[in-house]
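In this note's numbering, the protein residues as written are 773 to 900.
Hints may contain errors.
[To be verified] Here are the simulated BS3-like pairs of lysine-lysine, each with C-alpha atoms no more than 25 Å apart in a straight line:
id : residue 1 : residue 2
1  : Lys844    : Lys891
2  : Lys865    : Lys875
3  : Lys865    : Lys846
4  : Lys865    : Lys844
5  : Lys802    : Lys844
6  : Lys802    : Lys816
7  : Lys894    : Lys802
8  : Lys846    : Lys780
Calculated from the structure, these hints are not laboratory results.
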Amino acid sequence: MPSGSGLKVAVICSSNMNRSMEAHAFLSKKGFHVKSFGTGDKVKLPGTAPDRPNCYEFGISYEEIYQDLLNKDKSFYTQNGLLHMLDRNRRIKPRPERFQACKDRFDILVTCEEECMIKLLKVSVPRL
773 MPSGSGLKVA VICSSNMNRS MEAHAFLSKK GFHVKSFGTG DKVKLPGTAP
823 DRPNCYEFGI SYEEIYQDLL NKDKSFYTQN GLLHMLDRNR RIKPRPERFQ
873 ACKDRFDILV TCEEECMIKL LKVSVPRL
């Protein structure tokens, strides 16, 4: 019997890219019914300069982001690991999702940073 059978888990970070997706993959392999989300206004990824991040709307597919970064600078985004991360993500689910748009109920909510917990509480407490 899978260790997480029956429990519905949400894993949440800012952009639904790195930490939440790594946890999503891990928990899925352990048998949990898991979904992952971001709480940010946009999906933000590092750019070629600190003051020039790559920003995308939630709902864009991981494949589209992958292709965009591949076209912008394949060498840079391969070296910094973003293309590898996006390749993993697109094998897990089609696109980043924003927690604030989700109507599902979960048994366990896991946040990957304090800022996400604060945003989560602002959205979740009124639902209770």
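Hint check:
no., hint, verdict
1, Lys844 - Lys891, "violated (32 Å)"
2, Lys865 - Lys875, "holds (18 Å)"
3, Lys865 - Lys846, "holds (23 Å)"
4, Lys865 - Lys844, "holds (23 Å)"
5, Lys802 - Lys844, "violated (36 Å)"
6, Lys802 - Lys816, "violated (29 Å)"
7, Lys894 - Lys802, "violated (30 Å)"
8, Lys846 - Lys780, "violated (37 Å)"
This entry does not satisfy hints 1, 5, 6, 7, 8, going by the numbered hints stated previously.
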